[in-house]
Each structure stands twice: as structure tokens, then as C-alpha cells.
Amino acid sequence: MRMVHLYFMPNWFVGYNILLHIIFCIITLLVSLFAFRVHKMSGQRQPKLFSIAFLFVSLAFFIESIMNLLILAELNEHVTLVLEDITSIALFNFIINYAHIILFSIGLVTLAYMTFRVRSAKIYSLLLIITLVPLFFTSNPLYLYYLTSSILLIYILAHYLINYLGKKQTRTLLVLFAFLLLLFGNIQVFFSISNHEIYYVIGHFIELIAYLLILMNLMLVLKHEQKARPAPGHS
Amino acid sequence: MNKKRDRLQVIHDILKAIQDRNGRIKPTHILYKSNLSHQMLEEYLGELISKGFVVENNSKTGKTYSLTPKGFEYLNKYRMIVEFVDSFGLNEPQDIKT
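Sequences listed follow chains U and A, in order.
Heads up: the first sequence is residues 1345 to 1579, going by our numbering.
Heads up: the second sequence is residues 843 to 940, going by our numbering.
I should point out that these hints are in silico values taken from the structure, not numbers from a laboratory.
Every value quoted in this text rests on a predicted model; they were computed, and no experiment measured them.
Here a beta-carbon is modelled for each residue, glycine too, at the ideal position from N, C-alpha and C.
Each hint should be verified, as a subset may be incorrect.
Some chain U residues near chain A, calculated using beta-carbon distances under 8 Å [unchecked claim]:
1. V1382
2. R1389
3. H1503
4. Y1504
5. R1515
Cross-link-like lysine-lysine pairs, in silico, DSBU-like; alpha carbons within 35 Å at most [claimed, not checked]:
6. U:K1384 with A:K875
7. A:K858 with U:K1392
8. U:K1512 with A:K905
9. U:K1511 with U:K1392
10. A:K893 with U:K1466
11. U:K1384 with A:K905
12. A:K912 with U:K1567
13. U:K1567 with A:K919
14. A:K919 with A:K858
15. U:K1567 with A:K893
16. U:K1567 with U:K1392
17. U:K1466 with U:K1511
18. U:K1384 with A:K858
19. A:K912 with U:K1384
20. U:K1384 with A:K919
21. U:K1567 with A:K858
22. U:K1384 with A:K893
I would like the entire structure built from these sequences, with the hints used as guidance.
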């Protein structure tokens, strides 16, 4: 859906948005991999859900950035496009956008489901269905996507607010702030649909700060790893 | 010690109790340090032995438990796990409602 925004973003931003999506993809993949490692070491369920959620978000950015890169390369190569080419590129665009929306929505639903701390396949499937199915029947999937993702982000944000109030630490504050920025970024991009291209740029830079905060938190966790003293007789 | 401890914390408390005794401890000491019932402790120790974190030693003076290198490694990583779980709000609920 983001490539539809090509019409609503400044020309100078084309290319930068792909770079930003690659950065988002790498950061979310790192978080996903680390969460999965924590799940393997601890056997806990919450890190597994968190890992799955971030994997879907990462996949959403991966598909979008790689495919947009291919389109950009194609456009640069063939400066004069025949109508047939434009139609096929538009169709390709459409598929990419839907793939991104679906993958990102699954990621957010999984994250929201994780915050509910329930173990119910019914609830999870219901959340997925009511989030994804309407996207295929609406005349404007972009508006619906940003609306539902904003609602999901509000629920996720509430979880991190409670988490911060329970444990007032720098790291919990960083994560709370990151999700707050993700919500603001989402709302900014929402406004860009109405032809306000600058909101698209602002939204993406807000998202960049949010993902960098998440990365910073991950680095802090790794930095604070302390070694336990081995007992005598053990290497 | 927290009133509500998740599984991860309980396992950590057991391993920490063994570590604090220079890696070898009697079951009664673990019971005291980990604040668990006898039955629960047996279950946890069984799991820790099966996962290779702890070994059981039988001698004339009685049964003792000691940490394996994997047990020490678990304690090393535990701090990192807890920091990750805490900061990203991934704490496992004590009772999961369906």
C-alpha cells in the first residue's frame, strides 16, 4: 500500500523510503531473532509470540523494500514506458501493497494478542479475521489499514504503559516511547493519503526514531549481560 | 522473594541456590532457599536434570545436587533473558485464563 503513496510523497523521498524500509526490516528481524533465542532458552510463550509478531513486521518491510527496489530499477532502465508496462507495474504495485498490509497487520494482531496474555486460538483467529477480511471488501483499504493498525497500536501502547508503571526503568520507558512514536508515525502516514505528502515523510522519520529506540533497548539488554561466577571445579 | 514467581524465576532461584553453595547443595537447602513445596521442588529438579542444568550426586552422606556448565550458562543468560522480558513486557502470567 505504501507504493500507492508514491503519488503522495515528494519525489526526492523516492529511494529514501526504500532505504528506511530496509533499516526497519533489519531492526525488526534482529528483535525477532533475539526474542526467539530467549524463547528457546526460557521455554516461555510470550517471547515466542513477540518473535513471531516481529518476524511478520520484518517480512512486510522486506517484501515492500525489495519489490519497490525492483520497480525503481525497472523504471530507471526503461525511461519511456508503454501503456502495457505501466499497467503491469501498477498491478505489481498493488500486489506488493496488499502483501505489506497483510503481513504488517498479522504482526500487529500477534503483538496485540500477546499483550492480552490469554491462550486462546479462538480469540487470535477472530482478531485476525476481523482485521484482515474487511481489507479485501473495502473501496479504500489504505484508510481501513491505518485505522485498524492505529487501534491495535493503542492497545499495544496501553500494555507498555502498564508495563512501565509496573517497572519504572529506562528500558521500559524506551519501549513505551518507541510504541508511542510508532502510533504517531502511523497517524502521520494516515494523513498523507489525503494528498499531504509531507506527512508521509514526517511519519517515516518518526517511525525511524521508534525503531532506533527499540534497537537501542536491545543493545542495552545485550550490554548489561553479566557473567555468573563459575564454581570451583567447573570451567 | 516475590509472592508470584513465574517458572523462569523459580528455575533461577533453584540454580542460584546451588551456585551460592559453590555448585553443590543438599535438597533440604534447596527447599529452604527456593521456597517451594517438596512436591514442586521434585518436579522442578526432575525437569532441570532432564534438561541438563543439574546433576544428582549420591554419596554416603546423602543426595546432593550440583550445577553443570549448562546450568552456569543458564544463570549467565538469565539476567539477559529477564532484562529482555521485562523491558519488552513479555512476563509470563502466573495463571493463564482461557
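Hint-by-hint comparison with the structure:
1. Checking V1382 of chain U against chain A by beta carbon gives a least distance of about 5 Å; that is within 8 Å, so the hint holds.
2. For R1389 of chain U, the interface hint holds, the least distance from its beta-carbon to any beta-carbon of chain A being 7 Å, beneath 8 Å.
3. Hint status for H1503 of chain U relative to chain A: holds, with the closest Cβ pair at about 6 Å, below 8 Å.
4. At a threshold of 8 Å, the smallest CB-CB gap from Y1504 of chain U to chain A is about 6 Å, leaving the interface hint in force.
5. Against a cut-off of 8 Å between C-beta atoms, the interface hint on R1515 of chain U holds, since the closest Cβ of chain A lies about 4 Å away.
6. About 26 Å separates the Cα atoms of K1384 of chain U and K875 of chain A, which keeps this hinted pair within 35 Å; it holds.
7. This hinted pair checks out: K858 of chain A and K1392 of chain U have alpha carbons roughly 25 Å apart, not beyond 35 Å.
8. For the proposed pair K1512 of chain U and K905 of chain A, the alpha carbon gap of about 43 Å is over 35 Å, so the pair is violated.
9. Restraint check for K1511 of chain U and K1392 of chain U: the C-alpha separation of about 22 Å stays at or below 35 Å, so the hint holds.
10. Taking the CA atoms of K893 of chain A and K1466 of chain U, the gap is about 32 Å. The hint holds against a cut of 35 Å.
11. For the proposed pair K1384 of chain U and K905 of chain A, the alpha carbon gap of about 30 Å is at most 35 Å, so the pair holds.
12. Distance check on the hinted pair: K912 of chain A and K1567 of chain U sit about 21 Å apart at the alpha-carbon level, within 35 Å; holds.
13. Our distance criterion of 35 Å between C-alpha atoms is met by K1567 of chain U and K919 of chain A, whose separation comes to about 12 Å.
14. In summary, the hint linking K919 of chain A to K858 of chain A is supported, as the alpha carbons are separated by about 13 Å, within the 35 Å threshold.
15. At roughly 27 Å between alpha-carbon atoms, K1567 of chain U and K893 of chain A fall within 35 Å of each other, so this suggested pair holds.
16. The suggested pairing of K1567 of chain U with K1392 of chain U holds, with an alpha-carbon distance near 22 Å, which does not exceed 35 Å.
17. Distance check on the hinted pair: K1466 of chain U and K1511 of chain U sit about 31 Å apart at the alpha-carbon level, within 35 Å; holds.
18. Our distance criterion of 35 Å between C-alpha atoms is met by K1384 of chain U and K858 of chain A, whose separation comes to about 20 Å.
19. Our distance criterion of 35 Å between C-alpha atoms is met by K912 of chain A and K1384 of chain U, whose separation comes to about 14 Å.
20. Distance check on the hinted pair: K1384 of chain U and K919 of chain A sit about 12 Å apart at the alpha-carbon level, within 35 Å; holds.
21. Between K1567 of chain U and K858 of chain A the alpha-carbon distance is near 22 Å, which keeps this suggested pair within the 35 Å criterion.
22. Our distance criterion of 35 Å between C-alpha atoms is met by K1384 of chain U and K893 of chain A, whose separation comes to about 12 Å.
Comparing the model with each numbered hint stated earlier shows that hint 8 is the single one that does not hold.
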